[in-house]
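If you want the building blocks of each chain, they are given just below.
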Amino acid sequence: MAKIYVSPRTIVVPGDLIAEGDDVEVESLFIEKRGKKFYATITGLVSVEQAEEKYRINIIPLEGAYIPRPGDIVIGLVEDIGLTHWEIDISSPYKGILTVQEALDKPFNPVTDSLKRYLDVGDYVVAKVIAFDRARDPLLTIKGKGLGRVTEGSIIEIKPSRVPRVIGKKGSMVNMLMKETGCEILVGQNGRILVKCPSKDIEEVLILSIKKIEAEAHTTGLTERVREFIRKEREKRGV
Amino acid sequence: MGGTGAEKPVLIRWEEREGVKTPVRIDGRLPEQLRPIRIEVGVLGNADGSALVEYGATRVLAAVYGPREAVPRHVALPDRAIIRCRYHMAPFSTEERKTPAPTRREVELSKVIREALESVVLTEMYPRTSIDVYMEVLQSDGGTRTAAITAASLALADAGIAMRDLVAGVAVGKVDGILVLDINEVEDNYAEADMPVAMAPSLDKVLLLQLNGVLSHDEFIKALELARKGILEIYKLQKEALRKKYVEVETSVTG
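Chains C and X are the protein sequences, given in the same order. Sequential numbering of the first sequence, starting at 13, is according to my numbering. Sequential numbering of the second sequence, starting at 326, is according to my numbering.
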């Protein structure tokens, strides 16, 4: 029988012993096995689940850079234009590559046409990561529903490690935010959030509550606290 | 190590304590006692991770940037991150102004600290990137390299960079024939030996070991054991400081 050395939802730091034994399943990249012992390698919240004689351990990192994964929706900023591709900053150590094939539906001739006409430096795009294999930079696409150039709204930047909390369990947090404020919210996995609000005042309340979630990401009962916060702020500001 | 020419101060006094003759150091500490240690994490807003570490009057600030795109591009490695370290002493950190240009000593210390950190950071998780570690000695009173490595490992953990273990360091010296833990500047100036050690306690590995001066075989073993004791104490404080950053937020909102 495995031994668990931590209680669930506590903060672990690199080098902390989490568990020991054979019947332990690891769900995180940030847990290292040495012999029969499992150690944390990052600062984060640990979770322990018991399922049929097995312990499942996981760490949700509290800090860290965004590492792209295929399928992620990200919000990028066009940084540079090549002959047939755009270079896109996705607030990650790796820059996104958007090729013209993944952006336009028609054939593109660099001799007669310029990519600048479609996306210019400084434009924000909602994109999807289609491939990333560590050896090459992540490839993006803007073909698909809800993807493409951002034409309206505001972008809020938070730490990428806090994104899961802004989304919440099965989207509970982001749904609550949308319901309470009436804004449209799109959360990019890279820590950029696109919001479209009915008014500037309500947008300010939304930004404050997202910043609150970012700062208190590791606490419990956050959804309810943020809901209360929004209601109070709206009352205070009369919006 | 010679001393500085000025008259040597009394480094070890023998005092009667509870009926036993006990050696007491120049600052009033016992031989196996650390200086008061203060650790703070997340002190810089612009850096991805940062830490401030004080061993008595020694004060070191560390900042970590990364993993980020390696510039210039050709220094990047295809299979792992590169770690770049800069250990630097501020011009105002010493009694007499230190020229801000990197000295031979600082270049060497940057290298040995980098090598110590490379053995704990999981660089293969961040290929083609660089992790930049800056350590600035704000005030120097001996043991700056070990304080720097303690601060650097905390800043890395604060930046959310995966690492096998935290690193803590402390220096052991031999003063008037007595092994003392965490030696300060005065002791270092007149010491017979000075041995900075850095370890990863949960890995049980020594990551940095330098020795200036002479120790006998037995003394060396004792000194290393003494260093390990000190490091374990510092390691506990490190973990506490890392957790504190989050616990403070939690108690402020949930009461």
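The set of hints was computed from the structure by calculation and includes no laboratory data. Think of the CB as a built atom: it goes at the ideal place given N, C-alpha and C, for glycine as much as any other residue. Honestly, I wouldn't trust all of these hints.
[What the hints assert, rightly or not] Covered stretches of chain C, as calculated for chain X (at least 3 residues, CB under 8 Å):
hint, region
1, 22-33
2, 66-75
3, 119-133
4, 224-230
5, 235-244
Structure-based check of all given hints:
1. 22-33: It holds, with 6 qualifying residues against the three required.
2. 66-75: It holds, with 3 qualifying residues against the three required.
3. 119-133: Since 0 is below three, the answer is violated.
4. 224-230: As far as the region 224-230 of chain C goes, the hint holds, because 3 residues have Cβ atoms under 8 Å from chain X.
5. 235-244: Our answer is that it is violated, as 1 residues pass the Cβ test (under 8 Å) against chain X, missing three.
Checked against the numbered hints listed earlier, the structure breaks hints 3, 5; every other hint is satisfied.
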